[in-house]
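> Residue numbers (this note's numbering), protein chains in the order written: chain V, 1 to 493; chain Z, 1 to 493; chain H, 1 to 448; chain B, 1 to 448.
Be aware that one or more of the hints could be misleading.
[Said to hold, decoys possible] EDC-like, lysine to aspartate or glutamate: derived pairs with alpha carbons at most 20 Å apart:
| # | chain 1 | residue 1 | chain 2 | residue 2 |
| --- | --- | --- | --- | --- |
| 1 | H | K435 | H | E374 |
| 2 | H | K287 | Z | E489 |
| 3 | B | K325 | V | D191 |
[Claimed, not checked] Residues of chain B clear of chain Z, computed beta-carbon distances all greater than 12 Å:
| # | residue |
| --- | --- |
| 4 | R2 |
| 5 | R91 |
| 6 | G376 |
| 7 | Q440 |
[Unchecked claim] Derived, one-sided and incomplete: chain V residues facing chain H with beta-carbon distance under 8 Å:
| # | residue |
| --- | --- |
| 8 | G25 |
| 9 | R26 |
| 10 | W31 |
| 11 | P32 |
| 12 | G36 |
| 13 | I38 |
| 14 | G58 |
| 15 | E59 |
| 16 | E61 |
| 17 | K93 |
Derived by calculation from the structure, the hints in this document are not laboratory data.
All residues carry an ideal CB built from backbone N, CA and C; glycine is no exception.
Letter by letter, the chains look like this.
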Amino acid sequence: MSKPSPGTNRLRSAPPLIFESGSPGRSGFFWPDEEGSISGWIPNGLLREDIPGFPELGELEVLRHFTRLSQLNFAIEGQFYPLGSCTMKYNPKVNEVVARLPGFSLLHPLTPPELIQGAMELLYDLERRLAEISGMDAVTLQPAAGAQGELTGLMVIRAFLAGQGNPRRKIIVPDTAHGTNPASSALCGYDVVQVSSNDRGIIEAKKVAEVMTEEVAALMLTNPNTLGLFEKNIREIADVVHQKGGLVYLDGANLNALMGIAKPGDMGVDVLHINLHKTFSTPHGGGGPGAGPVGVKAVLGDYLPIPRIVRKDDHFELEEACPKSIGRVRSFFGNFGILVRAYTYIISLGSDGLEETSRMALLNANYLRKRLEGTFHLAYSEPCMHECIFTDRIQQKQGVTTLDIAKRLLDYGFHPPTIYFPLVVAGALMIEPTETESRETLDAFAEAMLSIAREAKENPQLVKTAPHSTPVGRLDEARAARKPVLRWEPLKD
Amino acid sequence: MSKPSPGTNRLRSAPPLIFESGSPGRSGFFWPDEEGSISGWIPNGLLREDIPGFPELGELEVLRHFTRLSQLNFAIEGQFYPLGSCTMKYNPKVNEVVARLPGFSLLHPLTPPELIQGAMELLYDLERRLAEISGMDAVTLQPAAGAQGELTGLMVIRAFLAGQGNPRRKIIVPDTAHGTNPASSALCGYDVVQVSSNDRGIIEAKKVAEVMTEEVAALMLTNPNTLGLFEKNIREIADVVHQKGGLVYLDGANLNALMGIAKPGDMGVDVLHINLHKTFSTPHGGGGPGAGPVGVKAVLGDYLPIPRIVRKDDHFELEEACPKSIGRVRSFFGNFGILVRAYTYIISLGSDGLEETSRMALLNANYLRKRLEGTFHLAYSEPCMHECIFTDRIQQKQGVTTLDIAKRLLDYGFHPPTIYFPLVVAGALMIEPTETESRETLDAFAEAMLSIAREAKENPQLVKTAPHSTPVGRLDEARAARKPVLRWEPLKD
Amino acid sequence: MRYTPHTPSDKEQMLRAIGLSRVEELFDHIPRTLTERSQISLPPGLSELEVKRTMGSLAAKNATAQDWHLFLGGGIYHHFIPSVVDAVISRSEFSTSYTPYQPEVSQGTLQAIYEFQTLMCQLTGMEVANAGLYDGASAAAEAVLMARRIQERRRRVLLSRSLHPQYRAVIATYLKNLGGIEVVEAPYSNSGATDAEFISAATDERAMCVVVGYPNFFGIIEDLAPLQAACARAGSLLVTVTTEPLSLALLRPPGDWGVDISVGEGQGLGIPMSLGGPGFGFFACRKKFVRSMPGRLVGETVDSDGRRGFVLTLSTREQHIRREKATSNICTNQNLCALAATAFMAALGKSGMRRLAKINAGRAHESRDRLVHEAGLAPVFSGPFFNEFVVKVEGWQQRQARFTAKKIAPGIPLARWYPELQDSLLICVTEMNQKEEVEQLVQTFSGN
Amino acid sequence: MRYTPHTPSDKEQMLRAIGLSRVEELFDHIPRTLTERSQISLPPGLSELEVKRTMGSLAAKNATAQDWHLFLGGGIYHHFIPSVVDAVISRSEFSTSYTPYQPEVSQGTLQAIYEFQTLMCQLTGMEVANAGLYDGASAAAEAVLMARRIQERRRRVLLSRSLHPQYRAVIATYLKNLGGIEVVEAPYSNSGATDAEFISAATDERAMCVVVGYPNFFGIIEDLAPLQAACARAGSLLVTVTTEPLSLALLRPPGDWGVDISVGEGQGLGIPMSLGGPGFGFFACRKKFVRSMPGRLVGETVDSDGRRGFVLTLSTREQHIRREKATSNICTNQNLCALAATAFMAALGKSGMRRLAKINAGRAHESRDRLVHEAGLAPVFSGPFFNEFVVKVEGWQQRQARFTAKKIAPGIPLARWYPELQDSLLICVTEMNQKEEVEQLVQTFSGN
Ligand SMILES: Cc1ncc(COP(=O)(O)O)c(C=O)c1O
Ligand SMILES: Cc1ncc(COP(=O)(O)O)c(C=O)c1O
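Bound conformation, chain V alone (with noise of 0.2 Å):
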């Protein structure tokens, strides 16, 4: 065993990996007098002997590894996680009891409607509520995540527009989308014709218009836009669209910031996504699972996918037979644990803790962004929404760059924001610290961010070679994609 030396930090040490730990032949399962039995009944053939390299540890072992694992992670419930386009709010824990509740989580979607009807009010009244919230007429909760609701949408838009004669070729996607639109896109069978935003960050009708021509198919826009920056001129730009028969889809992953301010459905929008793990509050586990219901105003309804929940009486059946139907995009009900967790949300806050939520998240936004303002460089100097831009120009000078200060804000104990996104801002910091954070959390923030611009000033190469405190040093990246590693193997001998 290597001597620890003084300041190392084993107590946040990652374990072996769990193939590198254990004995072979051991095992937590115990399941006594049953050894199971396949004897002549599957031919050998088709038969594996073993299922070599697979761990063998016990009970313990495996619980410890994980919660070791664990302690080397930021998150939430630990830490300020302000990672601007990603709406990393609170997470309550009541949803996590009631998403627990075996009348949800031990339902088998292939039991006949009539015996889950508990279950099928909640997507119905879930799929209203998110109607209601967004302004759109109707909605569905297939889609697995925000990428898989805008090839939905599309989708629905390319299956309208087919319908009317010609599904067309190309959607408009601005410079500063996320990007999932522009893949999502290309999925969809379409090109992407890219549209500029200005030098206030946000996107004029008269460029749209440039570009708009009945070869397109939709323009793609995110509102607030991911500078955090509102397009107002959305109205207008829709008209444009319009005009040419094109539609008009909203990537709404931002919709935290809109919540009793404004209405997608009053934008003209024709079709949205909604991130439910972004505004509603489920949890991104480390990358997922979220979901991402797809609303649409009445006209393209029948093109969502299939089966549609419909309401008789008090009863509710699920519809198959939607011959305009774009048809599933997943299997079953999509993410129904996360459907039940975000519900678990929406009736929790009712519309008063909804608005409510909007309006704090651009509070703390705009209070963020004043207590930087000047010591780092504002991106755009326009009011801000729900998150904030700022970059590395003035940190520059020093040779540090936004990296730099990402880094040495986790020696703060600070999650960095995100950065280099969007592309269109050059060292982009994009700052969305949510309404769940307290005035207190966003001081301390923006205490540590001062006090990184003093130091990177006074000593740059702290900043340039931080983090010093976390469980590891800055990592070797480019290495890991030169020479490839993507899975453990024994050592050859």
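For this one, chain V is given, so just place chains Z, H and B with the ligands on it according to the hints.
Structure of chains Z, H and B with the ligands alone, referenced to chain V:
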């Protein structure tokens, strides 16, 4: 904000106190539409206007506070925790799931017994199973912990002897006994007579005979004793005590060493207590709750606390009319939630599992004993049971003490053994690995100990100033006791 | 095996290292006479799935507060527990650690206890509080024992008859063997409160302490002024025992009344009823008594770098140092429950605690008014109460079945402990009793 | 408000710092026409207690696997989940963190994904696996899309008719807009397996891939040898889709058969059914295709001090770098479910996984034998199966009510997707179906 210097570990630094955070008027409690009222009902003179200083935090703040606090702790699920005499074994997760079933957690203790027959059955059956495991005839589950079990057991003895005409005046307690033994004796109105263990760490019958008189109510013995040694003269000792009309009390804190190996009921023991939070895997919770059931031989059964649970055919009833009973030692049924966990553990393991438990507890202790022998001074050369005792005699030559070794272990990511107990061994390091640890973990711990022994020779200062990697360094305990600050108070201005 | 990770080869290698060949040799040194009958005769182990099923069917045989309408208090209360509380105590760093003997790796537990001590001081209005005891009953007994240590020469303990009967029983058990202590029971008056005149008369220079419930077992909020005056006059200590800690968010706190020792049961603060345990006993008193206190205490200090930290302190009071001279024999306490209460109080906060207490008081009073005016039940006592009250139900025995059929447990019959209170029920109404439940209660008492 | 911590004074001070006086001024810059109808018309917020009650009553209106006897599989399986799994995914450090973009404070998530990737490789016998996709159906669609990228010139996709009908539907949806792709449905034979002769004939130089279930939707374990041979001959890729991942602990893994892409649904590995989601799609393939893969990948590297660490890698495939040229549009995936599966597989381990799979196979075969011999049901297919099988139940429509009355859901009627399989039920038996349940199933089918 102070600047974190390289190496400062904010990630594990303590959050402010709940009283130092928050904002006046803030609350995570939300209960619309019902203010509650006391108008006119309760006279003003009986009311308060405020709870000065009480916390005012939001829900996320509260959760983040305690999450961050938790991250400052070592615990079984994160670290090997070989704390002698404490049996820090794995606390199975399924026990926690079961104890949280509404059918157990949402029961009121004054519900008529006929409506809580499931709970009654569990209690009855747990008594029976503990009796079988320990070889006793009757069991009470009422005591809340080992120490309360001791008091209960001694009261039973006292009541029994009083019933025979004389409660007597003294209790014999070995020098190796846990502090609760003499403390409980005193609380039961007895004087304590100490008896010394011999140079092989155990009590001899003739030593007991020297102090055993008709003034002595009982002898309290721990077996295996706190040195991890089996009191092999226990039978003869019991005879000595019985001959003079005294009773034998067994401190069963170390029952983890005996299951399927030897039953206290066969050793001449009249009364014992069992720590469910040790042998029966209920979590220690940073200090409790536990449960300390008491088992007695048939002749003492009538003296157990009321109520008794009795079976009438397939039905369970509470019996309060027990004229000989010592009465109640706790409200209601004791720590029922803990009893549920212990019962779950017992049915999970069954007789074979319980027997294997003790065997592996012995194997692990003897293995570690072997691995450390020579490098560390072994206090007794007898074969050990579930724990073994080393001292700092060898390391003392470099001025390195047991305390230093313990603190240095923290840097290696291990919780230290129990130190400086039992008192009869100078500089004791009392190691109880428990059966739920793997050989690899024992090896890693042994390597750490051996490494520290090398450090003690080569760089004693490193060991003497340890720990170097914990959230705080060595704490000034003298200062805490000299001028006790036992609560937060608002700054006076 | 379920929880032992040893494979046959692990065992073999470990035995070989020790120099043995069979596991049984590990206990060869134990006399054969002690080992020969050692086999445990119990059913074999079960899979986790079978365990859950077995336990599930036991659980299903119980009347829970979820399926039944329980109006039961009497020392254990069904209160709302925010989900955050269980999230906190489920953190394994809290639940699977030991008593914080190594403070460098236990600051989480230690700081939480320090916060707990502070909260209990704030709630009771007392100067110091410990880390908790087993339950309210043993805390009451420990209070009397502490009074005895402080007032060594005095021999009389006055216990109010309106103190929880089980608590009185536990105090009696604890005192029985200590010799020469006279326990005097103080009657209650028509109001349901302790008879102050009796106390006044019986509290003299022999009295070491007077112990009353606050609120008492009948739910009545005692006026502590005359009792405090009597104690002050006679040099006796005044001890209050609170079984419903939520009430203290609203009531004048013991410290304000001049109480010397304030103890009670903490279950009402975020801990499930769980058939009455585990909860915790709280114990708070005047600062000058701190070195006589039972139980663990956490204090503030600094580390080698001057950073604030917390440690167990004043342990020279405790059994592991002082042995038979310790202030108490307690070792393991109810720490995780104290942590739950800490999280609960933090989650509700000042305004939430007061609000919840008011909701309790409001619902209980409204319910009593309806039971009296609509169902015609007679109130038994005239004193002010918090969330429980006593009513007379003529012919209770015969009427009981109607309630059981409707899954209502309308209250606790008092005759078992108070023969003078035949046909009297102690009824508790909390925020968990929904309006419709109260409606049903009233209806059923009205004979519908 | 429930989750916003702002007090009136907080708001006031923050507004003042910004230079505003009312919160509404924060969105003054939005055109009035867009804000004037913004009010949300929904019921007001509820207390946590009311929320739990409301949700509890919705939950109570569903037939759960706890109260009902479900013999339902067809892509979602009721398996035993050790309690440790939920303990792991409930750790808030896992559940409330984002995609690990900052590796220095995300090693927990990253190492777990690396372990997951390895486990999926071991289970499928493939060389590389990604961090997971949405579900089995979209994973199957992504496999076809990847085959298209790899085999750009080819235009024919062969889908077995015995592939899960919903998966075929999703593949169709994904392919529909991509132009010029011919989807050919391969029939199944009497054994229930894909018609190998048809595949042989239809797999030519136009075929980009052949997609079959393994086991397929009828529970049948396909013999992949002839299909692999056909693909190898024609230069087509062979894609297997596994909806019941537990089966792979027992069956010859896709990698062994020479499969090119092995995908499937991971729900069966420690994730509750939850009405079919969230689970996760797994995606494994040959190493040479790695740069064409969809989804996230974690790779090993070292930090500035040379310590091992893990990072997201090969992100140039992904949308946030490559935008419209990305291999997929996926961003958020199903990470916490993949973590659950990782914990599940670690907890069961090699022997536990194999044992559990055998128990499934054993129980399913015994049940089928009894249904055939005792209840007289006719097996529909002759091929070998894992834990589900198809039987013919004459007059199913009329008999259904008997089962519902006994709270039995005996299987999935196939006619909805397979008009040729009238009165056929797909019956699944797992370790969760107790002996008595099977008994009841047999009895009820026997007309008792
Ligand atoms: C603006 C925007 N659009 C789309 C997405 C994609 O959503 P998802 O990750 O749920 O697929 C994101 C996610 O970060 C986003 O921020
Ligand atoms: C030998 C022994 N006896 C008695 C006790 C006291 O038990 P408890 O802490 O449950 O009161 C202990 C606890 O550490 C012990 O180790």
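> Any of the earlier hints contradicted here, and which numbers?
Numbers 4, 5, 12, 13 - these are the hints that the structure violates, sorted from lowest upward.
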